[in-house]
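*Asks:* For reference, the chains in residue letters:
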Amino acid sequence: MVTTEAPGQKIAVWDLPTRLFHWLLVALIALCWWTGEKHQYDLHLWSGVAVLSLLVFRLLWGLFGSSTARFANFVRGPAAVRAYLAGTWRGIGHSPLGALSVVALMGLVGIEVGLGLFATDEDGLLLGPLSGLVSMGASSDITEIHEKFFDVLLVFIGLHVAAVLFYWIARKQNLIGPMVTGKAALDPDIVPMRPGKWWVAVLCLVAAIAFTRWIIAGAPPFGP
Amino acid sequence: MRTRLLLAVTAAALIAGCNKPPTEQNNAAVAAKAKAVLGPAIAADQAKTLMHERHEGMEDIGDDFKLVNRELKGASPDVAAIRTAAAAIADGAAKSSGWFPPGTGPDVGKTRAKAEIWQKPEDFAAKDKTFQEAAVAFKAAADSGDLNAIRTQAGELGKSCKACHDPYRAPEGDHGHD
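Chains as they are written, first to last, in the working numbering: chain A, 1 to 224; chain B, 1 to 178.
Take these hints with a grain of salt, some might be off.
Claimed, not checked - Think about it this way: if two alpha-carbon atoms lie no more than 25 Å apart in a straight line, the pair counts; the simulated SDA-like pairs of lysine to any residue are:
| # | chain 1 | residue 1 | chain 2 | residue 2 |
| --- | --- | --- | --- | --- |
| 1 | A | K38 | B | R54 |
| 2 | B | K114 | A | E122 |
| 3 | B | K159 | A | L43 |
| 4 | B | K129 | A | Y84 |
| 5 | A | K148 | B | K110 |
| 6 | B | K73 | B | K114 |
| 7 | B | K110 | A | L130 |
| 8 | B | K129 | B | P77 |
| 9 | A | K148 | B | P167 |
| 10 | B | K73 | A | L130 |
| 11 | B | K73 | A | S67 |
| 12 | B | K73 | A | P224 |
| 13 | B | K110 | A | L43 |
| 14 | A | K38 | B | K127 |
| 15 | A | K38 | B | D166 |
| 16 | B | K48 | B | L67 |
| 17 | B | K127 | A | P224 |
To be clear, the hints were calculated from the coordinates, so they are not data collected in a lab. These numbers were taken from a predicted model, which means no experiment stands behind them.
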């Protein structure tokens, strides 16, 4: 995202669904961590499943949403990353480097949630909705990976936060503000965001919830 | 100079006078209570054996309970398998009150049993008793074959595991997998 130093005209960069996704994910991952640490099993299951819904929603919104939310518009090859690092990239939305961060974080959260679906805690009190599809031993192993993999996720979350702070302090570019308000001051000649349709967002949400409910039910006909 | 020294000595004496003897008394009282409630202290060489037995026993109970809840989660729970597991859990639970004599804490060997167990022996023993009763009730429900009763009692049993594990068991990794 290229912003001008002068307080120019602020235009829309991130739509509401994308911003809600981002901040709900922050809150839910924190809740997942806390409930996991404190063995609040009901809440841990609920918050994990909520993260799954969010992820599925974001994947769909990345196909059918606003221009800056679509993967096809921001996931680019190494050439674009080099151009960005050389300072010659211009555009709206995720920079080619920021796009890598989005894909990495969504992928890691997806792996963590996916592992959790097959996990069982050591006392057999919390059973992931898909834990019955694998053996008891496999479920225990997956649980250990689920616990350790969270640290990997934390490292990448730390990198993400560090990068945002770097832009803020070293580059004098505030990325947090636009992720809250949805607007940023951009060069006037940049192609503006093409907003997605609200009813498409509703459909994406309905589909995400339906998929999650299917998972909670044990993914029939594979499970119960 | 002399006044300062005098003050320091007085302060030290006061601190010592206020704190030390009651703490020692408390420690002695708690230790006596722990013996009374959790059994006499065990010799170091026997401690390791018992701690191993405890670990294996708890792990078996956990595995049996996992099996139960996996069955209950499935489309058609295997009541016979649940009954076998319930009997094994009740057997293990009956032994559990003998698994925590003084001298089997984290200061003796690798264990996730927290030192708090022997600092609050009465609370720990009460929670263990609840667990044993829940295990007996769960076995009775499993023997009856009534799935609703089995689900209810499995829930109660699970609560009794958690009630003790939350305060008295250290997280995995803190003290190794013991």
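*Asks:* Please go over all the hints and tell whether each is borne out by the structure.
*Replies:* Cross-check of the supplied hints:
1. K38/A with R54/B: Holds. K38/A to R54/B sits at ~24 Å (cutoff 25 Å).
2. K114/B with E122/A: Cα-Cα ~17 Å, so holds.
3. K159/B with L43/A: 15 Å, holds
4. K129/B with Y84/A: Judged against 25 Å, a Cα distance of about 66 Å means the pair is violated.
5. K148/A with K110/B: 21 Å, holds
6. K73/B with K114/B: 32 Å, violated
7. K110/B with L130/A: The hint is violated at about 33 Å.
8. K129/B with P77/B: 28 Å, violated
9. K148/A with P167/B: It holds: about 23 Å lies between the C-alpha atoms, which stays within 25 Å.
10. K73/B with L130/A: Holds, at about 10 Å.
11. K73/B with S67/A: 43 Å, violated
12. K73/B with P224/A: Judged against 25 Å, a Cα distance of about 8 Å means the pair holds.
13. K110/B with L43/A: 31 Å, violated
14. K38/A with K127/B: Holds - the C-alpha atoms of K127/B and K38/A are around 19 Å apart, at most 25 Å.
15. K38/A with D166/B: 8 Å, holds
16. K48/B with L67/B: 29 Å, violated
17. K127/B with P224/A: Roughly 34 Å separates the two Cα atoms, so the pair is violated.
In this structure, the earlier hints numbered 4, 6, 7, 8, 11, 13, 16, 17 are contradicted, and the remaining ones agree with it.
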